[in-house]
Amino acid sequence: MSNFAYIVGVGHFVPDKILTNQDLEQMVDTSDEWITTRTGIKKRHVVQDETCSDLALKASQQALQQAKMDPAELTHIILATFTPDAYVPNGSTVLQTKLGLNQIPCFDINAACTGFLYALELARNICLVNPKAQVLVVASEVLTSRVNFQDRSTCVLFGDAAGAVIVSGQKRENSFQITDVCLKADGSLGPLLSVIGGGSSHPPRLGLSIDEKYFVQMQGQEVFKHAVRSMASICEEILSKNNLSSQDINLFIPHQANIRIIEALAKKLKLPLSNVYVNVQDYGNTSAASIPLAFSEAYQKGKISSGDKVLLVAFGGGFTWGASVLDFIE
Amino acid sequence: MSVEEKVKEIVADQLGVSVDQIKPESKFVEDLGADSLDLTELIMAMEDEFDVEIDDDKAQEIRTVQDAIDFIKANT
Chain A
-8 MSNFAYIVGV GHFVPDKILT NQDLEQMVDT SDEWITTRTG IKKRHVVQDE
42 TCSDLALKAS QQALQQAKMD PAELTHIILA TFTPDAYVPN GSTVLQTKLG
92 LNQIPCFDIN AACTGFLYAL ELARNICLVN PKAQVLVVAS EVLTSRVNFQ
142 DRSTCVLFGD AAGAVIVSGQ KRENSFQITD VCLKADGSLG PLLSVIGGGS
192 SHPPRLGLSI DEKYFVQMQG QEVFKHAVRS MASICEEILS KNNLSSQDIN
242 LFIPHQANIR IIEALAKKLK LPLSNVYVNV QDYGNTSAAS IPLAFSEAYQ
292 KGKISSGDKV LLVAFGGGFT WGASVLDFIE
Chain B
15 MSVEEKVKEI VADQLGVSVD QIKPESKFVE DLGADSLDLT ELIMAMEDEF
65 DVEIDDDKAQ EIRTVQDAID FIKANT
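Those sequence lines, one after another, are chains A and B. Sequential numbering of the first sequence, starting at -8, is according to the numbering used here. Sequential numbering of the second sequence, starting at 15, is according to the numbering used here.
Here chain A stands alone, though its shape is the one from the complex (with noise of 0.2 Å):
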């Protein structure tokens, strides 16, 4: 059994139609500062018809295209979403149509913010274990379908997007090796952010209203801890298990939900705010595909060199966490 995986292609995708602040002011009783102030989020991409296996497929698209591959060379799909086009058939297996491909396994996970490196995991395993596969990790969330557009407190937060990356069991030029990943979770919490309705909990009937249950619930503050807590607790343990600092790491991509958390956590960690990537304000908290998402732009946009650390943190409803040490090798 080899001891690394590698992600050999990155790439993601936004759909056109921004919301900005002001938009939202129009649409509920907030305000551009406000949203500012309390989440550094200044404006999100929305769908307009597009489902999540049309974002899947764009961000899929540029990452084989980066990895210079044909899709026909995939041995699997894996979708971490819990905004999929259906319930059955699962947004894996649609992706794999639009992909042009047939046969290959397909699945989706859900991890709600964490889903990213959950599947990240997943793949990394499936590479050890079979050092031939090439597998496609998207993410891909259409939050907007499941954001309750009168409640101020939560519709702001959020933006549709997705983000992707081919995981191999063989090295290339400009892979990062997969060198750890952790995840945890815990369901006791799972109340504090939840979208209830539809499932079987909270079924859906036949001339029965949709009510709240059926959009993102949060207790904001309570996730806020929740949240800088495990982050910075699961990154200390990531880097202490590798024998790292953080002073070792290059580039900090932590879950964009909020820029209040990304500098909470930045300070626990000690980490320079020049080290951490933020895009928080152009895309808003994307869930499962922030990760891939902020990875990709500052792949693309060249903040990652020869031999860098980057390390990769989520957290989201469950509740679930992980996090993942990456290390670039030209």
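There could be a bad hint or two in this list.
Said to hold, decoys possible - Below, in silico cross-link-like pairs of lysine-lysine (DSBU-like), each with a Cα-Cα straight-line distance of 30 Å or less:
| no. | chain 1 | residue 1 | chain 2 | residue 2 |
| --- | --- | --- | --- | --- |
| 1 | B | 72 | A | 175 |
| 2 | A | 300 | A | 175 |
| 3 | A | 49 | A | 33 |
| 4 | B | 41 | B | 72 |
| 5 | A | 258 | A | 294 |
| 6 | A | 258 | B | 37 |
| 7 | A | 258 | B | 20 |
| 8 | B | 72 | A | 204 |
| 9 | A | 261 | B | 20 |
| 10 | A | 59 | A | 49 |
| 11 | A | 259 | B | 72 |
| 12 | B | 87 | A | 259 |
| 13 | B | 72 | A | 258 |
| 14 | B | 20 | A | 259 |
| 15 | A | 259 | A | 232 |
| 16 | B | 41 | A | 258 |
| 17 | A | 259 | A | 300 |
| 18 | A | 204 | A | 33 |
| 19 | A | 259 | B | 41 |
| 20 | B | 37 | A | 259 |
| 21 | A | 258 | B | 87 |
| 22 | A | 175 | A | 204 |
Bear in mind the hints are in silico, worked out from the structure with no lab data behind them.
Knowing the structure of chain A, use the given hints to seat chain B on it.
Structure of chain B alone, referenced to chain A:
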């Protein structure tokens, strides 16, 4: 360092105000310009520093610097 001094130091650090501005009767929101997330961060910093747990209901009651000092003295 006394509880009073430590609390003032935390408040100054979290809210970006100077220690001289902070009086026992200072209200976090009205006098020191804190917003709701600042309050959450303040509570977190005090929990970490004094190794106490301040649940949400209790946190709502802590509105002034003196409230925080009293809570910590009573619970540590």
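The hints, checked one at a time:
For the proposed pair residue 72(B) and residue 175(A), the alpha carbon gap of about 29 Å is at most 30 Å, so the pair holds. Between residue 300(A) and residue 175(A) the CA atoms are separated by roughly 22 Å; this keeps the pair inside 30 Å, and the hint holds. Between residue 49(A) and residue 33(A), the direct Cα distance comes to roughly 24 Å. Compliance with the 30 Å bound is thereby established for this hinted pair. Distance hint between residue 41(B) and residue 72(B) is fulfilled; the C-alpha atoms sit about 16 Å from each other, no more than 30 Å.
Taking the CA atoms of residue 258(A) and residue 294(A), the gap is about 21 Å. The hint holds against a cut of 30 Å. Between residue 258(A) and residue 37(B) the alpha-carbon distance is near 26 Å, which keeps this suggested pair within the 30 Å criterion. Restraint check for residue 258(A) and residue 20(B): the C-alpha separation of about 19 Å stays at or below 30 Å, so the hint holds. A threshold of 30 Å between alpha carbons decides the hint, and for residue 72(B) with residue 204(A) the separation of about 28 Å falls inside it, so the pair holds.
Restraint check for residue 261(A) and residue 20(B): satisfied, since their Cα atoms lie roughly 20 Å apart, inside the 30 Å limit. Taken as a hint, the residue 59(A) and residue 49(A) pair is honoured in the structure, with Cα atoms around 15 Å apart against an allowance of 30 Å. Taking the CA atoms of residue 259(A) and residue 72(B), the gap is near 24 Å; set against the 30 Å cutoff, the hint holds. Pair hint residue 87(B) plus residue 259(A) holds up; C-alpha atoms about 25 Å apart against a cutoff of 30 Å.
The hinted pair formed by residue 72(B) and residue 258(A) meets the criterion: a straight-line CA distance of about 26 Å does not exceed 30 Å. Using a Cα cut-off of 30 Å, the hinted pair residue 20(B) and residue 259(A) holds, with the two alpha carbons roughly 18 Å apart. Between residue 259(A) and residue 232(A), the direct Cα distance comes to roughly 18 Å. Compliance with the 30 Å bound is thereby established for this hinted pair. Between residue 41(B) and residue 258(A) the CA atoms are separated by roughly 25 Å; this keeps the pair inside 30 Å, and the hint holds.
Straight-line distance between C-alpha atoms of residue 259(A) and residue 300(A) comes to about 19 Å, which keeps the hinted pair within the 30 Å bound. A C-alpha spacing of about 27 Å is found between residue 204(A) and residue 33(A), which places the hinted pair at or below 30 Å, so the restraint holds. Restraint check: the Cα-Cα separation between residue 259(A) and residue 41(B) comes to about 26 Å, which is no more than 30 Å; the hinted pair holds. Annotation: proposed proximity of residue 37(B) to residue 259(A) holds, straight-line Cα distance about 27 Å (limit 30 Å).
Among the hinted pairs, residue 258(A) with residue 87(B) is consistent with the structure: their alpha-carbon atoms are about 27 Å apart, no more than 30 Å. Restraint check for residue 175(A) and residue 204(A): satisfied, since their Cα atoms lie roughly 26 Å apart, inside the 30 Å limit.
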